[in-house]
Amino acid sequence: MMPLQGRGPHPLGIWLADAPRGTGTDDTRMNNIFIECVIKNRGDINPHLLAFEYIERYRDIEKYVPEYFTSEDIEKLALPFYRSLFRRACIYLRIDAPELYEPFDTKERVPWYVIEESAGYGDFPNISGLISLQSAGLLYANEPEKAYKKAYELSTITDMGYARDATAILAATISAALSEKDNPLEVLERGIKTNPFGLRNRRMTANQWWQHYPQLHELFRMADESKDEKELILKLAKACNHLHLFDPFDVLGVPLTIIRYCKGDPVRSIIMAANHRKIDEEGRLIRFRDTDCTAMVAGAIVGAINGLTSFPKDWVKDAIEANKKVYNVDIEKNSKTFYAVLYQ
Amino acid sequence: MVDELEDKVMGCIIGSVIGDAVGSVSEGLSREQFINLPWNINKKRVAGRYDASSRKRASSFRYMAC
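Which chain is which? The protein sequence lines are A and B, in order. Position one of the first sequence corresponds to residue 28 (our numbering), numbered consecutively onward. Position one of the second sequence corresponds to residue 1098 (our numbering), numbered consecutively onward.
Hints are computed from structural coordinates only; laboratory data are not their basis. There could be a bad hint or two in this list.
To be verified - Pair by pair, the computed Cβ-Cβ distance ranges are: (1) B/D1100 / A/P107: 25 to 31 Å; (2) B/D1100 / A/A44: 37 to 43 Å; (3) A/Q235 / B/D1100: 42 to 48 Å; (4) A/K220 / B/E1101: 33 to 39 Å.
Unchecked claim - Listed below are the simulated EDC-like cross-link pairs for lysine to aspartate or glutamate, each with C-alpha atoms no more than 20 Å apart in a straight line: (5) A/K220 / A/D255; (6) A/K67 / A/D45; (7) A/K103 / A/E83; (8) A/K176 / B/D1104; (9) A/K257 / A/E245; (10) A/K208 / B/D1104; (11) A/K360 / B/E1103; (12) A/K344 / B/E1103; (13) A/K134 / B/E1103; (14) A/K363 / B/D1104; (15) A/K176 / A/E216; (16) A/K103 / B/E1101; (17) A/K360 / B/E1101; (18) A/K363 / B/E1101; (19) A/K340 / B/D1104; (20) A/K90 / B/E1103; (21) A/K90 / A/E63; (22) A/K340 / B/D1100; (23) A/K344 / A/D45; (24) A/K340 / B/E1101; (25) A/K67 / B/D1100; (26) A/K208 / B/E1103; (27) A/K208 / B/D1100; (28) A/K344 / B/D1104; (29) A/K103 / B/E1103; (30) A/K90 / B/E1101.
The beta carbon of each residue, even a glycine, is placed where N, CA and C say it ideally should be.
One chain only, chain B, in its complex shape (with noise of 0.2 Å):
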């Protein structure tokens, strides 16, 4: 069982690891007008922090078209 600030910390840095090689497929092309996605999950706002039943849709989902 990880504690909450260890889940935190390793968040923050593989979050780190994950989000550059989001961005890194994307960088610097100059096709694909969007990637196919954001304006396609789901509108739900959550206050406070993020509600995890919200997490299989968004793992499901396939977000570059390039």
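If we strip away everything but chain A, and leave its shape as in the complex, we get (with noise of 0.2 Å):
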């Protein structure tokens, strides 16, 4: 992991200038809270207890960031990192405030049926789920079924639409991972034929009404039949190229396929993941994608399949420290009291 050179604090991203290697975004804050949430509950975790914790964050910031955060980094960095999900709280929790009705140009008051579907991550399903309850899965050890209904059922906060379903199946195959036996493809098949609802026409697996967009069985046969990383990057950057950067379809998506292609290799895996893009109708580079989302997400299916041993020991090392200092985060503590509150 290089260091982030060059890159300016953001909400959504890096809270400090030049933050040492190892450092992550709002995905691991967002799943931040929710890791010390269940271990605050002693392991139970539904919806009202987090959104009752988003809230409190949200509330009495100055408990929740780093010591050496000014009362502009708190207004610029951190209250905007909090707000979308103390609104999203609000909602689930039916709590009127006029955070609610900052996102509308409009003086007249917006009628609560409006906010329900606007206010927070915007009106599309998108990867707040995926983001913020990647560690779902881990609630229940090789129980994918019960893996995908709690996370589908914390997803309520955050999330709408096939979103949901897409928070839940990474839910699911984390669950899977779980087991002794670790063949990744079964881990990988386990997780996206989870359904324990019944769900018709997903657009996470097959959809027929979808068929003009990428498919996830089209995505595992490009991983099938690319003869090496290169030829397999490009094609996932065309099938992907039209969809919205925040698509679940692509965040979950890419990254499984990429994890079959490389049978559960975390090193591979991660810097696939960190190769997703946007190309032009010559296969040259655009830019990147959301690639701190699907590489996150590959990480979290991989280390779950591998555990942390089978990551290289100066990328830990790195991810630990980096983490406590730019966000006081100590995310090897917190892993370790998450695991022992749940299975000890």
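Got two chains here, separate frames each, mind docking them using the hints?
Put into structure tokens, the structure is as follows:
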């Protein structure tokens, strides 16, 4: 991992300029809220508890920012980050708040049914559940259906439409990865086939209504037929070129495909996912896509399949130290405590 | 000694942070034709559990050029 030279702070990005290598972004911070909420509630978690956690962190924000943060840092970085979660939590709990009306360009009072669909992360299925609940599958070891149901329930706060199915499939896959039999291809198959609610026409797996959009089985075929990493990266780029940057199909489907190609190899899977890109008609790079999220999803799944000991030691050390320094978040301690709360 | 389930739980949580950190380096960049790597990593495909014997090469690998 290279240091993040030249990258300025951003509410949804990294909160420190020129942060050390290993520093995470909003994905890391959001998931850490989930982790600490589960720990605080001794393993019990539901949308109400999580929603109240989001509200508390916004209301008592000074308690949850790094020590070096100034009031300006809070105003420019922390508040915008927490405000979206706060809005979604208020909507879920039916709590009225002035912040709910900020996204609208009108002096009229916006009806609740409009706020419900628009406040927070926009009015389309997106990746907010994928990046805030990536550890939900850890709640149920080798019980994908339970993991799916719980993640689907928790995603009520932030997700809509097929984004909820995507968040739940990720949880089911991670739960499946916690089995003793850890053939990566079997793990992926179990995860994507988990469908405890019997959803028909699922966007994430197969859907005749989306026949003109990429389908997961088509991406998997690309993995099986590609001769090398470069070929697969370019095929995936072409297939996803027209998708929204925050389409859950993209942010879940691409890492699943890459993990299939890499047979679960942790380093190769993460690096390939960090190569996901938008290209022009000649296959030239226009820009990398939402690669922190695609690589994050890849990292969560391959980490669950292979364990922490499968990652290069310096990567683990850097990730632990950097996030402690930049966010005052001890991911090593939290992950140990999370495990102890659930399984000891 | 960490048991296997604990290793997997920690691997998932910390692995997601590692992925986030790795991916955040390339996110949105419009330079670098390819992150200088995947195609150079060893091509060994391992069925089933990841083969730890390939870790050393991977960990010494510097994969970002930017």
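### Query
For the pair supplied as a hint, A/K90 and A/E63, is the alpha-carbon distance within the 20 Å limit?
Holds: A/K90 and A/E63 sit about 14 Å apart, inside 20 Å.
### A/K220 paired with A/D255 [C-alpha distance capped at 20 Å]
violated (27 Å)
### Restraint status (C-alpha distance of A/K103 to B/E1103 at most 20 Å)
violated (37 Å)
### Query
Is the distance from the Cβ of B/D1100 to the Cβ of A/P107 consistent with 25 to 31 Å?
Check failed, 41 Å falls outside 25 to 31 Å.
### Task
With 42 to 48 Å as the target window, see if A/Q235 and B/D1100 comply at their CB atoms.
With a Cβ separation near 45 Å, A/Q235 and B/D1100 satisfy 42 to 48 Å, so the hint holds.
### Message
Is 33 to 39 Å respected by the C-beta to C-beta distance linking A/K220 and B/E1101?
### Response
Because 24 Å falls outside the window, the suggested range is violated.
### Query
Keeping to a limit of 20 Å between CA atoms, is the pair of A/K208 and B/E1103 held or broken?
Judged against 20 Å, a Cα distance of about 15 Å means the pair holds.
### Query
Has the given pair, A/K208 with B/D1100, been kept, meaning a C-alpha gap of at most 20 Å?
holds (15 Å)
### Message
What's the verdict on A/K103 and B/E1101, does the C-alpha distance respect the 20 Å limit or exceed it?
### Response
violated (42 Å)
### Task
For the pair we were handed, A/K344 and B/E1103, check the Cα-Cα distance against 20 Å.
holds (17 Å)
### Message
Just to be careful, I want the Cα atoms of A/K363 and B/E1101 compared with a cutoff of 20 Å; is the pair within it?
### Response
Holds, at roughly 13 Å.
### Message
Given the hinted pair A/K344 and B/D1104, is their Cα-Cα distance within 20 Å?
### Response
Given pair A/K344, B/D1104 holds - Cα atoms ~15 Å apart, limit 20 Å.
In this structure, the hints that do not hold are numbers 1, 4, 5, 6, 8, 13, 16, 20, 25, 29 and 30, in rising order.
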